[in-house]
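K.L.:
In the working numbering, the protein residues as written are 12 to 112.
Quick caveat, the hints were computed from the structure, so don't treat them as lab data.
A virtual CB, placed ideally from N, CA and C, is assigned to each residue, including glycine.
Hints should not be assumed to be uniformly reliable.
[Claimed, not checked] FRET-style restraints, in silico, Cβ to Cβ:
| hint | residue 1 | residue 2 | range |
| --- | --- | --- | --- |
| 1 | Gln43 | Tyr13 | 31 to 39 angstroms |
| 2 | Phe75 | Gly25 | 14 to 22 angstroms |
| 3 | Phe75 | Ser32 | 14 to 22 angstroms |
| 4 | Thr60 | Lys17 | 31 to 39 angstroms |
| 5 | Glu41 | Asp81 | 33 to 41 angstroms |
| 6 | Leu67 | Ser23 | 36 to 44 angstroms |
| 7 | Val14 | Asn40 | 36 to 44 angstroms |
| 8 | Ile38 | Pro80 | 34 to 42 angstroms |
| 9 | Tyr45 | Ser24 | 17 to 25 angstroms |
| 10 | Thr16 | Phe83 | 26 to 34 angstroms |
| 11 | Gly42 | Phe83 | 19 to 27 angstroms |
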Amino acid sequence: SYVGTKHAIGVSSGTDVLVLSLRALAIKNEGQEYWNKEDLIITTPFTFTATGDAILRAGATPLFVDIDPDTFNIDPEMKSKRNLKKKVSRQWFIIRYLFIR
């Protein structure tokens, strides 16, 4: 009742949030608790190691695509250069934000 929601889960870290989110997506889309190793989830190497680790812990394989140096987002040109349509049947992205003060 404190946060005004019917259901909630407490976790100890942002890594656990990523793992649980990926597992929830696997249940919703695949009807199973974990992804298969053949499932590729696109992310950037320009992030904390927890992002790739969470993908592995959820059972999938991270597919790293480089960033655009101006926006720090996944570079769409690099994505097309990697010819991902042949590798990825469904494209999933984990988005990490970089906060600069």
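K.L.:
Give a verdict on every hint.
P.N.:
Each hint tested on the structure:
1. Against the hinted window of 31 to 39 angstroms, the Cβ-Cβ separation of glutamine 43 and tyrosine 13 comes to about 33 angstroms, which satisfies the hint.
2. For phenylalanine 75 and glycine 25, the hinted distance range of 14 to 22 angstroms is satisfied, since their beta carbons lie about 19 angstroms from each other.
3. Judged by the Cβ atoms, the range 14 to 22 angstroms given for phenylalanine 75 and serine 32 holds: they are separated by roughly 19 angstroms.
4. Between threonine 60 and lysine 17 the C-beta distance comes to about 34 angstroms, which sits within the given range of 31 to 39 angstroms.
5. The hinted window of 33 to 41 angstroms between glutamate 41 and aspartate 81 holds, with their beta carbons roughly 36 angstroms apart.
6. In this structure the supplied range 36 to 44 angstroms is violated for leucine 67 paired with serine 23, their Cβ-Cβ distance being about 18 angstroms.
7. One distance hint, 36 to 44 angstroms for the beta-carbon pair valine 14 and asparagine 40, is violated here, with the actual separation near 27 angstroms.
8. Restraint check, isoleucine 38 to proline 80: a C-beta distance of roughly 37 angstroms satisfies the suggested window 34 to 42 angstroms.
9. Taking the beta carbon of each, tyrosine 45 and serine 24 are about 19 angstroms apart, inside 17 to 25 angstroms as hinted.
10. At roughly 32 angstroms, the beta carbons of threonine 16 and phenylalanine 83 sit within the given window of 26 to 34 angstroms.
11. Range check, glycine 42 to phenylalanine 83: Cβ separation about 35 angstroms, and the 19 to 27 angstroms hint is violated.
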